[in-house]
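*Asks:* Residue-level listing of the chains:
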Amino acid sequence: SAVISQKPSRDICQRGTSLTIQCQVDSQVTMMFWYRQQPGQSLTLIATANQGSEATYESGFVIDKFPISRPNLTFSTLTVSNMSPEDSSIYLCSVGFGGNTEAFFGQGTRLTVV
Amino acid sequence: AQSVTQPDIHITVSEGASLELRCNYSYGATPYLFWYVQSPGQGLQLLLKYFSGDTLVQGIKGFEAEFKRSQSSFNLRKPSVHWSDAAEYFCAVGPLNRDDKIIFGKGTRLHILP
Chain A
1290 SAVISQKPSR DICQRGTSLT IQCQVDSQVT MMFWYRQQPG QSLTLIATAN
1340 QGSEATYESG FVIDKFPISR PNLTFSTLTV SNMSPEDSSI YLCSVGFGGN
1390 TEAFFGQGTR LTVV
Chain B
582 AQSVTQPDIH ITVSEGASLE LRCNYSYGAT PYLFWYVQSP GQGLQLLLKY
632 FSGDTLVQGI KGFEAEFKRS QSSFNLRKPS VHWSDAAEYF CAVGPLNRDD
682 KIIFGKGTRL HILP
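Which chain is which? The protein sequence lines are A and B, in order. When the letters of the first sequence are read in order and numbered with this note's numbering, they come out as residues 1290 to 1403. When the letters of the second sequence are read in order and numbered with this note's numbering, they come out as residues 582 to 695.
If we strip away everything but chain B, and leave its shape as in the complex, we get (with noise of 0.2 Å):
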């Protein structure tokens, strides 16, 4: 079955400090990956993508993550949070056809320590 697993329901991170955000997924053909962001009150913004090629994917506000086949994972990493950088962030798999739906992760809730 597809799925995607976000094991870590809240994170604290002081301000300034390194963050990753783990992402485990199972899926029955190479999946396309996404990370998305929500802020409080906002939609869903996308931060980076994975399709094929580098397997290091370079995002908006200074994300980064890693594609690891063996491992089933896409991790999301940045070197220095911000402040505002605290909100809820989802892995997400597909769509790979037309009719495909986006499965989501339940999400990780990132707090700021100041």
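Just chain A, same shape as in the assembly (with noise of 0.2 Å):
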């Protein structure tokens, strides 16, 4: 199992700054998912941050808007960059073992941009 760390839990941003959300693992993993939870919707993976290399996005998200950093096997940051009111949201940090595990989660950041 993992327990999961993410900061801040919340925050209200002013459009055109920045956010950087932080997310710790009480343990060594090898992959980290960061995830959108838009209002109202599922989850929308953003990208997988490997360690040691450049995070890999989905489709319609790209790393000028999101750029994740991966320093280490328990840690890792996502920023939303040049924010709009599009981009409240819930951002999720998620790890996983693979395999026949499930994936954890931490609380999430509930960001609202005005």
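What the hints contain is simulated information worked out from the structure, not anything from laboratory work. Where a beta carbon is used, it is the ideal one built from N, C-alpha and C, also for glycine. One or more hints might be untrue.
[Claimed, not checked] Keeping only pairs whose Cα atoms sit at most 20 Å apart, straight-line, the calculated DMTMM-like set for lysine to aspartate or glutamate is:
{"#": "1", "chain 1": "A", "residue 1": "K1296", "chain 2": "A", "residue 2": "D1315"}
{"#": "2", "chain 1": "B", "residue 1": "K687", "chain 2": "B", "residue 2": "E601"}
{"#": "3", "chain 1": "B", "residue 1": "K687", "chain 2": "A", "residue 2": "D1376"}
{"#": "4", "chain 1": "B", "residue 1": "K649", "chain 2": "B", "residue 2": "D635"}
{"#": "5", "chain 1": "B", "residue 1": "K642", "chain 2": "B", "residue 2": "E669"}
{"#": "6", "chain 1": "B", "residue 1": "K642", "chain 2": "B", "residue 2": "D666"}
{"#": "7", "chain 1": "B", "residue 1": "K687", "chain 2": "B", "residue 2": "D589"}
{"#": "8", "chain 1": "B", "residue 1": "K687", "chain 2": "A", "residue 2": "E1347"}
{"#": "9", "chain 1": "B", "residue 1": "K682", "chain 2": "A", "residue 2": "E1347"}
{"#": "10", "chain 1": "B", "residue 1": "K630", "chain 2": "B", "residue 2": "E669"}
{"#": "11", "chain 1": "B", "residue 1": "K649", "chain 2": "B", "residue 2": "D589"}
{"#": "12", "chain 1": "B", "residue 1": "K682", "chain 2": "A", "residue 2": "E1343"}
[Claimed, not checked] If you want the ones that stay clear, here's a sample from chain B, every Cβ over 10 Å from chain A, calculated:
{"#": "13", "residue": "I592"}
{"#": "14", "residue": "D666"}
{"#": "15", "residue": "L694"}
Each chain sits in its own coordinate frame; assemble them with the hints.
*Replies:* Below, the structure written as structure tokens:
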């Protein structure tokens, strides 16, 4: 299992600014995932972050808008850049161990852009 | 293509009544299946999972789910719901290996009538 700490838990930001979300895991994991959950919607994968290499982004998401860092096996950050009200969402960090294991999620960061 | 379908966006049941949430999947190989619950303002919590073996799996909070390969379904059930069960429920499939991502359904929001 894994315990994931994500912060901040919520924030209200001005449009045009950037916010960096941190994700700390209590055990070493190879893959970390960042999801976005827009209001009333399901989870959409933004990118997969592998330690020591560039993150892999899903269709519709780009590195300039959502830069990700993965400096070690227990930590990752997601930055939401040049924010607009459309970026208002819950952002969730997730880890998985592959094979027959489930994914574990942080509590999420509720972002409101005004 | 891999996909998960939850045909019911909203379901309303009375407290004490039985519940069944539907989930159908499309996956290229034997799937690993999950049900997650998201309470208001909370992250995702795993209710139960299926990898192999007995097709009826028991989870936390009195939930169970049955895997039916012939119907490509993994429906979630509870014999008697409690007001605290009001939440969003997500069905998911995967990952098969370390690099796979979990695919989520769009979710079913459960409302409980007193």
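*Asks:* Compare the structure with each hint and give your call.
*Replies:* Status of each hint after checking the structure:
1. A distance of roughly 14 Å separates the Cα atoms of K1296 (chain A) and D1315 (chain A); the hinted pair therefore holds under the 20 Å criterion.
2. For a cut-off of 20 Å, the pair hint linking K687 (chain B) to E601 (chain B) stands: about 16 Å separates their Cα positions.
3. Distance hint between K687 (chain B) and D1376 (chain A) is fulfilled; the C-alpha atoms sit about 19 Å from each other, no more than 20 Å.
4. The suggested pairing of K649 (chain B) with D635 (chain B) holds, with an alpha-carbon distance near 11 Å, which does not exceed 20 Å.
5. In summary, the hint linking K642 (chain B) to E669 (chain B) is supported, as the alpha carbons are separated by about 15 Å, within the 20 Å threshold.
6. For the hint pairing K642 (chain B) with D666 (chain B), the CA-to-CA distance comes to about 9 Å; that is within 20 Å, so the pair holds.
7. Annotation: proposed proximity of K687 (chain B) to D589 (chain B) holds, straight-line Cα distance about 9 Å (limit 20 Å).
8. This hinted pair checks out: K687 (chain B) and E1347 (chain A) have alpha carbons roughly 17 Å apart, not beyond 20 Å.
9. This hinted pair checks out: K682 (chain B) and E1347 (chain A) have alpha carbons roughly 11 Å apart, not beyond 20 Å.
10. Distance restraint check for K630 (chain B) and E669 (chain B): the Cα-Cα separation of roughly 17 Å lies within the 20 Å cut-off, and the hinted pair is therefore satisfied.
11. With a CA separation close to 19 Å, the supplied pair K649 (chain B) and D589 (chain B) stays within the 20 Å bound.
12. Taken as a hint, the K682 (chain B) and E1343 (chain A) pair is honoured in the structure, with Cα atoms around 17 Å apart against an allowance of 20 Å.
13. Interface exclusion of I592 (chain B) from chain A stands, the closest Cβ pair being 15 Å apart, more than 10 Å.
14. D666 (chain B), annotated as away from the interface, keeps every beta carbon of chain A farther than 10 Å; the closest lies near 19 Å.
15. Here L694 (chain B) stays apart from chain A, with its beta-carbon at least about 21 Å from theirs, past the 10 Å limit.
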